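Modelling step: build the complete structure from the supplied sequences, incorporating the hints.
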Amino acid sequence: MDLEDQKPTPPEITGAEIVIRALKDQGVTHIFGYPGGSVLPIYDALFAANDITHILVRHEQGAVHAAEGYARSTGKPGVVLVTSGPGATNAVTGIADALLDSIPLVVLTGQVPTSLIGTDAFQECDTVGITRPCTKHNWLVKDVNLLARTIHEGFQIATTGRPGPVVIDIPKDIQFKKGRYVDPQRIAHRTYHPKTEPDEATIEAAVALMAGAKRPIFYVGGGVVNAGPEAVKSLRELVALTGFPVTATLMALGAYPASSPNWLGMLGMHGTYEANNTMHDCDVMVCLGARFDDRVTGRLDAFAPHAKKIHLDIDASQINKNVHIDLAIVADAAKAISAMVRVWKEKKYQADRHALTDWWRQIERWREKRSLDFKPSKGTIKPQYAIDRLYELSKGKDVYITTEVGQHQMWAAQRFKFEEPNRLMTSGGLGTMGYGLPAAVGVQTAHPESLVVDIAGEGSVQMTMQEIVTAVQYRLPIKIFILNNNYLGMVRQWQQLLHGSRYSQTSTDTQPDFVKLAEALGAVGLRAEKPEDLDEAIQTMIDTHAPVILDVRVEKFENCYPMIPSGAAHNEMILTDAEEEATEVSDAGKILV
Amino acid sequence: MNNNGKIERHTIAVLIDNEAGALARVVGMFAGRGYNIESLTVAEIDVSEHTSRITVVTSGTPEVLEQIKAQIARVVSVHKVVDWTIDKPGIEREMALIKVAGTGDKRVEALRIADSFRARPVDTTHTSFVFEITGAPSKLDSFIDLMRPLGLVEVSRTGVAAISRGPEAM
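In the order they appear, the protein sequences are chains A and B. Note that the first sequence covers residues 1 to 593 in my numbering. Note that the second sequence covers residues 594 to 763 in my numbering.
Hints are supplied without guarantee of correctness; some may be wrong.
Claimed, not checked - Below are the DSSO-like pairs computed for lysine-lysine, each with C-alpha atoms no more than 27 Å apart in a straight line:
| no. | chain 1 | residue 1 | chain 2 | residue 2 |
| --- | --- | --- | --- | --- |
| 1 | B | Lys673 | A | Lys335 |
| 2 | A | Lys321 | B | Lys673 |
| 3 | A | Lys76 | A | Lys195 |
| 4 | B | Lys732 | A | Lys321 |
| 5 | A | Lys417 | A | Lys233 |
| 6 | B | Lys732 | B | Lys599 |
| 7 | B | Lys681 | B | Lys732 |
| 8 | A | Lys345 | A | Lys335 |
| 9 | A | Lys335 | A | Lys195 |
| 10 | A | Lys556 | A | Lys369 |
| 11 | B | Lys673 | A | Lys195 |
| 12 | A | Lys382 | A | Lys395 |
| 13 | A | Lys233 | A | Lys76 |
| 14 | B | Lys681 | A | Lys195 |
| 15 | A | Lys530 | A | Lys516 |
| 16 | A | Lys417 | A | Lys382 |
| 17 | B | Lys599 | A | Lys308 |
| 18 | A | Lys142 | A | Lys24 |
| 19 | A | Lys308 | A | Lys233 |
| 20 | B | Lys681 | A | Lys321 |
| 21 | A | Lys375 | A | Lys556 |
Claimed, not checked - Just a sample of chain B residues kept apart from chain A, beta carbon distances all over 10 Å, derived:
| no. | residue |
| --- | --- |
| 22 | His603 |
| 23 | Arg618 |
| 24 | Leu633 |
| 25 | Glu685 |
| 26 | Leu704 |
| 27 | Ser709 |
| 28 | Arg713 |
| 29 | Asp738 |
Hints listed in this document are in silico derivations from the structure and should not be mistaken for laboratory results. On a predicted model such as this, the values are computed, not experimentally measured, just so you know. Yeah, the Cβ is synthetic: ideal placement off N, Cα and C, and Gly gets one too.
Rendered as structure tokens:
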């Protein structure tokens, strides 16, 4: 008799137990969540699960951003557990954020029992309907025997191809019902097969184009970071082989080391003068895992007008979306870039040294503009100075930076020098104020010994500041570094440029006393008001092994430069206030802000 | 994208897993990204495989149409997307039920025109006809235009169904 036949069929377990078991089998060690009526059975199963740590946030949006920070800093998927109705709707901002920045998340939402769906039951909402356009995929699980399969499928879809968030909506009766568990390895998807292998002929054509380039540039995006360490390694090798200049989007800072001579800085609306002019004048643009976002391209009909454009993306829908592409490579960035390296070596290509020398000479002339310089001040702390000091004093430490959204975010992106990927967690696509603090909670959860700093504004931080309590509860010593300029600075800057300095509703004159607030929440509060106080305050912040808010009072009317005014091209940057005053923005440009 | 190209009208077939919300995923993408739907048909075509086929007629510049197809293909539950207008030569058919009310000469004229269009009366009273007509959408358009002065009361169209010529499947 075959021994296999004697194997007893595994006993049926409840839906809630299936959820926990599936998470364990997917290697999940941390969940960010908030309990409620429709997820009680899952929380009960979690109570018995010692190997999964649950971080109790103070608002569901915070759970999703924390999971994003966790995911982005580890390369693993982030997992969220929230209840039905408001639990799910509160999570929507974070889910949309993860979709635009391609962050792998598995969001489990409770739902009212199947018998009550559609009756406007208490805490019922159409979660799959609401999240359909802001997830990579979502499911409402109506059969407990499909639950394990759906969760495994969810992890697969969230983490492969172009990563993104998925939502799995689980009615309460399904959590109670008993059913069969299936292992992850048994899952094969019917329709989802992302194309990861590059086409050899296209790679060869791309490399030939690169070898013939006289004014080339690498334009690197978040896709290279998402493709993992192999992609980053290959990128660095490819740059070393070719000697081409490199720029990157906000999402890819650190993929190429900021200390390298080939690094031009970030490109786009607040990118460096040299990065944008190099983009504008290039003859071959090699876009690796970026998506020609409007903040990057500026005016489309004047975008790199002389360039042959190579575009590598794992998502075919990005090709030709905003910009006409001459050579498209739909593949995984790690595979495609390593293939480029291999082909370059095999064919013994040499970059056009003569042309490249001229090109670099031109780039040096743009660099000489020193577009990130600012007027130092003895009396007030300049926000740029504050970031420079934070960078210097945290140098050599194991640092992770998160940001909120606004001027401080752009200054952080311009000035903080990232040498490695996955070190900057920021909301790029959706531009979610309030992202950075909960993201820091997630990053610190994954890296308990590291220095995790949320570079914040006093406006953004008020959107999710209740998560400081979460940090206190779990002894996560995050640092909240507020560049406090008494204004919603970026909006104020636009009002100055486009709306005659009428600062409509952008003053934050009424704001909490952040030092007292920190103390009330169980954190440590510090303040720096004069440049001479700043270093000591930053050092104290770094040395304090507890959550800290450092309220840095900075110059109120500092503007973020350089800047491509809305509706302008890469080679029409403005560098100073004086140039800004002389700039007329067209009505069409005003719409694009 | 510089969308200065000429507006074209394309018929696109989508093979999709017939799961809850499958149609909403595709239609929602059109609405969310501001694409146009001229007509839409959907039905399950394989019960055992749980697959449905959506035929959508849409219009846009060649760049926009390329985006539309890429965005549909990106929907996780989609098996396949085919453009009958450019990828493969296809046949398009649409069915309509058309109610015409009237008496006397107009009634006779309506019946005569219906006959030349091979439209079949499927309901007849002393004062009305319901015609069933099948054909390319343009044929239906002309028939409806001709019925207008003859007492057109109501139109119900199915939207386009399309399939490729020759032995191959989509």
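Checked hints:
For the suggested pair Lys673 of chain B and Lys335 of chain A, the alpha carbons sit about 25 Å apart, so the restraint of at most 27 Å is met. The suggested pairing of Lys321 of chain A with Lys673 of chain B holds, with an alpha-carbon distance near 20 Å, which does not exceed 27 Å. Between Lys76 of chain A and Lys195 of chain A, the direct Cα distance comes to roughly 21 Å. Compliance with the 27 Å bound is thereby established for this hinted pair. About 35 Å separates the Cα atoms of Lys732 of chain B and Lys321 of chain A, which puts this hinted pair outside 27 Å; it is violated.
Between the alpha carbons of Lys417 of chain A and Lys233 of chain A the distance comes to roughly 18 Å, so the proposed pair stays at or under 27 Å and holds. Straight-line distance between C-alpha atoms of Lys732 of chain B and Lys599 of chain B comes to about 24 Å, which keeps the hinted pair within the 27 Å bound. A C-alpha spacing of about 22 Å is found between Lys681 of chain B and Lys732 of chain B, which places the hinted pair at or below 27 Å, so the restraint holds. For the proposed pair Lys345 of chain A and Lys335 of chain A, the alpha carbon gap of about 15 Å is at most 27 Å, so the pair holds.
Pair hint Lys335 of chain A plus Lys195 of chain A holds up; C-alpha atoms about 11 Å apart against a cutoff of 27 Å. A distance of roughly 25 Å separates the Cα atoms of Lys556 of chain A and Lys369 of chain A; the hinted pair therefore holds under the 27 Å criterion. Under the criterion of a C-alpha separation no larger than 27 Å, the hint pairing Lys673 of chain B with Lys195 of chain A is consistent with the structure, at around 14 Å. Proposed proximity of Lys382 of chain A and Lys395 of chain A is supported: the alpha carbons are some 20 Å apart, at most 27 Å.
At roughly 19 Å between alpha-carbon atoms, Lys233 of chain A and Lys76 of chain A fall within 27 Å of each other, so this suggested pair holds. Distance restraint check for Lys681 of chain B and Lys195 of chain A: the Cα-Cα separation of roughly 23 Å lies within the 27 Å cut-off, and the hinted pair is therefore satisfied. A distance of roughly 19 Å separates the Cα atoms of Lys530 of chain A and Lys516 of chain A; the hinted pair therefore holds under the 27 Å criterion. Taking the CA atoms of Lys417 of chain A and Lys382 of chain A, the gap is about 18 Å. The hint holds against a cut of 27 Å.
Of the supplied pair hints, the one linking Lys599 of chain B and Lys308 of chain A holds, its CA atoms being roughly 24 Å apart against a limit of 27 Å. Between the alpha carbons of Lys142 of chain A and Lys24 of chain A the distance comes to roughly 22 Å, so the proposed pair stays at or under 27 Å and holds. This hinted pair checks out: Lys308 of chain A and Lys233 of chain A have alpha carbons roughly 25 Å apart, not beyond 27 Å. Only pairs whose Cα atoms come within 27 Å are accepted, and Lys681 of chain B paired with Lys321 of chain A is accepted, the gap being roughly 24 Å.
For the suggested pair Lys375 of chain A and Lys556 of chain A, the alpha carbons sit about 14 Å apart, so the restraint of at most 27 Å is met. Annotated as non-interface, His603 of chain B keeps its C-beta farther than 10 Å from every C-beta of chain A; the closest such distance is 16 Å. Not every C-beta of chain A lies more than 10 Å from that of Arg618 of chain B, the closest at about 6 Å, which undercuts listing it as non-interface. No beta-carbon of chain A is positioned within 10 Å of the beta-carbon of Leu633 of chain B; the least distance is around 17 Å.
Residue placement check: Glu685 of chain B keeps its beta carbon more than 10 Å from all beta carbons of chain A (closest about 26 Å). Remark: the non-interface label on Leu704 of chain B is consistent with the geometry, its nearest Cβ contact in chain A lying 47 Å away (cut-off 10 Å). Against chain A, the non-interface label of Ser709 of chain B holds: every CB pair exceeds 10 Å, the least being about 45 Å. Against the 10 Å criterion, Arg713 of chain B stays outside the reach of chain A, whose nearest CB is about 40 Å from its own CB.
In this structure Asp738 of chain B is separated from chain A by more than 10 Å, as the shortest Cβ-Cβ distance comes to about 38 Å.
Of the numbered hints given earlier, the model fails hints 4, 23; all others are met.
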